[in-house]
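Participant: Spelled out from the first residue to the last, the chains are:
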Amino acid sequence: MTKLQAKNIIKHFDHNGNSVVALDGVNLNVEEGDFVCIVGPSGCGKSTFLNIVAGLEKPDSGEILLNGKPISDPGPDRTMVFQEGALFPWLKVIDNVEFGLKMAGIPTDERREISRRYLDMMQLTKFADSYTYQLSTGMKQRVAIARALAMDPEILLMDEPFAALDSQTRDLLLVELQLIWERTKKTIIFVTHNISESVILGNKVEVFKNRPSRIKKEIIIDYRRPRLAEDENLQQYYHQILDELKSEVIARTKDEIQ
Amino acid sequence: MSDTVKRHKRNFDDAANAALFIAAFIGIWQLVFTLGIFPQISLPSPTMVAETFAKIISDGTLFWSVGVTLGRLLAAFAVSITLGTLVGFTMIKFKSFGKTLNSFSAGLLAFPSIAWVPFSILLIGFNEFGIMFVVVMSSVFSIMISTYSSIRNIPPIYLDAAKNMGAKGLLLFRHVTIPAATPSLIIGLRQAWSFSWHAVIGAEILMSIVGLGHILSVGREFLDMSQVIASMITIFTIGLLVDRFLLHKLEDKIRAKWGLDNHR
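Each protein sequence line maps, in turn, to chains A and B. Reminder that position 54 of the first sequence reads as 54 in my numbering, one-by-one numbering, no gaps. Here my numbering runs 1000 ahead of the position in the second sequence, where the first position is 1.
A hint or two may mislead.
[Said to hold, decoys possible] When the alpha-carbon atoms are kept at most 30 Å apart in a straight line, the in silico DSSO-like pairs for lysine-lysine are as follows:
(1) K7/A with K1055/B
(2) K1168/B with K102/A
(3) K1168/B with K3/A
(4) K246/A with K216/A
(5) K58/A with K1099/B
(6) K1168/B with K1009/B
(7) K126/A with K1253/B
(8) K126/A with K185/A
(9) K1099/B with K92/A
(10) K254/A with K102/A
(11) K254/A with K126/A
(12) K254/A with K1257/B
(13) K216/A with K58/A
(14) K92/A with K1168/B
(15) K185/A with K1168/B
(16) K1006/B with K126/A
(17) K7/A with K204/A
(18) K1093/B with K58/A
(19) K7/A with K58/A
(20) K1006/B with K1257/B
(21) K1006/B with K92/A
(22) K69/A with K217/A
(23) K58/A with K1168/B
(24) K1257/B with K92/A
(25) K102/A with K1099/B
(26) K58/A with K1249/B
(27) K102/A with K1006/B
(28) K3/A with K102/A
(29) K126/A with K58/A
(30) K69/A with K3/A
(31) K126/A with K1093/B
(32) K1257/B with K102/A
(33) K69/A with K1168/B
Hints in this document: simulated from the structure, not taken from any laboratory.
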């Protein structure tokens, strides 16, 4: 069943008075339970696309359908894990995880129970009463994932959530995220500029073209899980994506120099 | 050494340094007095000021004056906070209004409080409301501008994250906008407090028949420098105590909770 559909999404930006085309007709179908990774050169508009799916930005034209119904505003049915710094420093870890449930008007006891469950899943139970500044970057991102999952969203959106982590922590979280995906059966869209990440996580990898962006190629990765970063059999997918991306990165670099 | 012991030791050291500084100050004052550089009527000795203190404390003048001044200040400050935050919120809600008002902010913030006195006397008169008006006008803009800029400077990612989790309208405002702006709001509050303090003393000197500013001005009229100095010391002490033990403590507490003091 199609969970999410992006139809011909077009988005312009105003850059020093010039109109720049960020997204030039992005079409994407995400099936229920898919783990879709979007890769592309930095600045290609993949985060913009995710923000549009989340409802945080509006497209100039085109529409997003969730379960067949068009969406426009942000909503807890599409929770986002941001790159970093999106946890609220004035709240304890557990209150951060509960935030969305509180907004939804769920009674205290019930939301305590739900948030404890997700903190437990992310192995953060001991830190429930800490403030976020007391956590490492990796722990913060695990809180952010717990916070997003606690809302039990229709679809989980992840915007380079591991970009700020050291490689050991990242490798660990890459495995954890696969386990969580298998356990919760969530539909996930995961944006990254890191090819390995996309190969390890995605069952579909969408390669974004440089600006004006659209999807250049979809690569299906049918390979057993949990996949590990050091698995050599993943190399063939890696190179397949790299070949697609190389010309885009070169084009991107030219754009930036000019 | 445990943290509490360390903290006690640090507090003790700070207090010892402050005591030393005050002792040195009084020493120099006594020296200038003994050398007879100024006539005694212009510069009394520390002991003479202490005697005046004893007198105005025992006849109740000091407590009465401090009470009246603080009463006026608190009433006016409450009005300032209410009005200032409401206008600040309005500036956020109506963007072009906010932008316009904000462009006048430098002039409004730098406007000397004492310059409101003639206007207030003619508009309202020599009464409590006249004094309060001066205090309100001297602090309300600081509250207003700090409310506006504190909210505008909230990192957009907090608001995005909150909206993403279904927060909007009043819920968003109460659970995200206000807490996210708080550390910066407190700084504005401290500034407004010090503006109010300047204003209430100034207004009392010129417009009042009771209060700290008034006994300061009476001292001048009766050539009683001891009373002038005693009033000044009282004004200094209250300003220091309120900031140090109320506003600064509050700010420290919020900063610690937010993890803002962990820069190394």
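Participant: All the hints need checking, so say for each whether the structure fits it.
Facilitator: Here is what the structure says about each hint:
1. K7/A with K1055/B: Violated. K7/A to K1055/B sits at ~85 Å, over the 30 Å cutoff.
2. K1168/B with K102/A: 12 Å, holds
3. K1168/B with K3/A: Roughly 25 Å between the alpha carbons, so the hint for K1168/B and K3/A holds.
4. K246/A with K216/A: 12 Å, holds
5. K58/A with K1099/B: Holds. K58/A to K1099/B sits at ~25 Å (cutoff 30 Å).
6. K1168/B with K1009/B: Violated. K1168/B to K1009/B sits at ~48 Å, over the 30 Å cutoff.
7. K126/A with K1253/B: Since the Cα atoms of K126/A and K1253/B sit roughly 24 Å apart, the hinted pair holds (cutoff 30 Å).
8. K126/A with K185/A: At roughly 26 Å apart (the allowed maximum being 30 Å), K185/A and K126/A satisfy the hint.
9. K1099/B with K92/A: 35 Å, violated
10. K254/A with K102/A: 47 Å, violated
11. K254/A with K126/A: Distance of about 49 Å is beyond 30 Å: violated.
12. K254/A with K1257/B: 46 Å, violated
13. K216/A with K58/A: Holds: K216/A and K58/A sit about 22 Å apart, inside 30 Å.
14. K92/A with K1168/B: Holds, at roughly 21 Å.
15. K185/A with K1168/B: The hint holds at about 29 Å.
16. K1006/B with K126/A: 28 Å, holds
17. K7/A with K204/A: With a Cα-Cα distance of about 18 Å, the restraint between K7/A and K204/A holds, given a limit of 30 Å.
18. K1093/B with K58/A: 21 Å, holds
19. K7/A with K58/A: 13 Å, holds
20. K1006/B with K1257/B: 20 Å, holds
21. K1006/B with K92/A: 27 Å, holds
22. K69/A with K217/A: Given pair K69/A, K217/A holds - Cα atoms ~26 Å apart, limit 30 Å.
23. K58/A with K1168/B: 17 Å, holds
24. K1257/B with K92/A: Cα-Cα ~9 Å, so holds.
25. K102/A with K1099/B: 34 Å, violated
26. K58/A with K1249/B: This hinted pair is violated, its Cα atoms lying about 44 Å apart.
27. K102/A with K1006/B: Given pair K102/A, K1006/B is violated - Cα atoms ~40 Å apart, limit 30 Å.
28. K3/A with K102/A: With Cα atoms ~26 Å apart, K3/A and K102/A stay inside 30 Å; holds.
29. K126/A with K58/A: 40 Å, violated
30. K69/A with K3/A: 10 Å, holds
31. K126/A with K1093/B: Violated, at roughly 41 Å.
32. K1257/B with K102/A: 21 Å, holds
33. K69/A with K1168/B: Judged against 30 Å, a Cα distance of about 21 Å means the pair holds.
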